[in-house]
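2 protein chains.
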Amino acid sequence: MDIECFLNILGNETRREILQMLTERECYVSQISEELNIGQKAIIAHLEIMERAGLLEPHFEKIQKGRPRKYFHVTQNFNMEVNLLPSHFNIRVHSPCMDENVLRQFPRLKELYHQMEKTLVTDHPSRIDGLEDLIDDLMDEREKLTEARKVVDYLLNEAQTEIEEEIVRTRLNKTFL
Amino acid sequence: MDIECFLNILGNETRREILQMLTERECYVSQISEELNIGQKAIIAHLEIMERAGLLEPHFEKIQKGRPRKYFHVTQNFNMEVNLLPSHFNIRVHSPCMDENVLRQFPRLKELYHQMEKTLVTDHPSRIDGLEDLIDDLMDEREKLTEARKVVDYLLNEAQTEIEEEIVRTRLNKTFL
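Protein chains in written order, with the working numbering: chain A, 47 to 223; chain B, 47 to 223.
Keep in mind the hints are simulated off the structure, nothing from the lab. Every value quoted in this text rests on a predicted model; they were computed, and no experiment measured them. Hints are not guaranteed to be accurate.
Each pair may be met inside one copy or between any two copies, as identical chains are not told apart.
[To be verified] Each computed DSS-like pair below joins lysine-lysine, with the alpha-carbon atoms no more than 27 Å apart:
no., residue 1, residue 2
1, LYS220, LYS108
2, LYS156, LYS190
3, LYS111, LYS196
4, LYS87, LYS116
5, LYS111, LYS220
Pulled out of the complex, with its shape left as it was, chain A reads as follows (with noise of 0.2 Å):
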């Protein structure tokens, strides 16, 4: 996924709420149109270019009478994060992936790992209930860890500045001395 575009399609109101409508559930363009307001043609242009950029795809359902729909829908999997801190700027993207080293450090996700490990092993309909309370225990899990993070920011935070007062400290004692 290139940044810079991504950014750019971000940027636009009207293709962020395509985007939510589409995760939601998959559309064809009339329906986008009327449940935003705004024309089709718009709508279409959006969608193409969120198609070019890779984020969407088309797929198209018979219907009952007339020609076969087209509708959209997300085919992206990844995290977007941009740092902006006085003394720090940095735009990273990361995609999902399975590390047996980071289930080794947390206790908790190998435990949630061996829970979907199970899971996947019952019978329809539990099999659905348990995927569905494993989502519920994943999100959990990642609030903590978005949250442990904030800390972590808040004592580099810390940290930083105490370094650049000692530094500025230092200079003025020079200047005295």
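Here the structure of chain A is known, so what remains is to put chain B in place on it, guided by the hints.
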């Protein structure tokens, strides 16, 4: 911070380059213009947009000859995250913050927090060395938490795909029975 506004700012390459420069050191207009090889008028326009959005602040410094120089620096401290999955789209802005509960859940963070408290009462120059070591450790910890989230996202995606497939299978079974 207005997400819309921030996304529009980030959608422009020159502005990203300016942010990069200003987080490395404070700069004045002609410095930025020379380094990026872009006219001063354009640089001033970009700086104004970012200043209005609250990302930057100017300050003046006296120089030996002539009028004081106007330097720009970044004043924000936050993290923006965009998550795009086939069934999920979300943009969030996090600010660094301290949370005692998080320290209880992540022992390594608690250790680093206490290391920071100890370092802050030591004397110069070991104080700066201590803080620099701490920053390295915090960056490592941040990276580990990011990796852990990638694993969570991987498991979330697996679970969601599995549920969708299960639903399709159930529908097909009903059709053929």
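Status of the hints after comparison with the structure:
1. In this assembly of identical chains, LYS220 and LYS108 lie within 27 Å of each other by CA distance solely across copies; the values are 20 Å between and 80 Å within a copy.
2. Within a single copy, LYS156 and LYS190 get their C-alpha atoms as close as 15 Å, and across copies as close as 15 Å, so both meet the 27 Å cut-off.
3. Within a single copy, LYS111 and LYS196 get their C-alpha atoms no closer than 54 Å, and across copies no closer than 44 Å, so neither meets the 27 Å cut-off.
4. When the C-alpha separation of LYS87 and LYS116 is checked against a cutoff of 27 Å, the pair qualifies only within one copy, where the shortest distance is 15 Å, while the shortest distance between copies is 46 Å.
5. When the C-alpha separation of LYS111 and LYS220 is checked against a cutoff of 27 Å, the pair qualifies only between copies, where the shortest distance is 24 Å, while the shortest distance within a copy is 85 Å.
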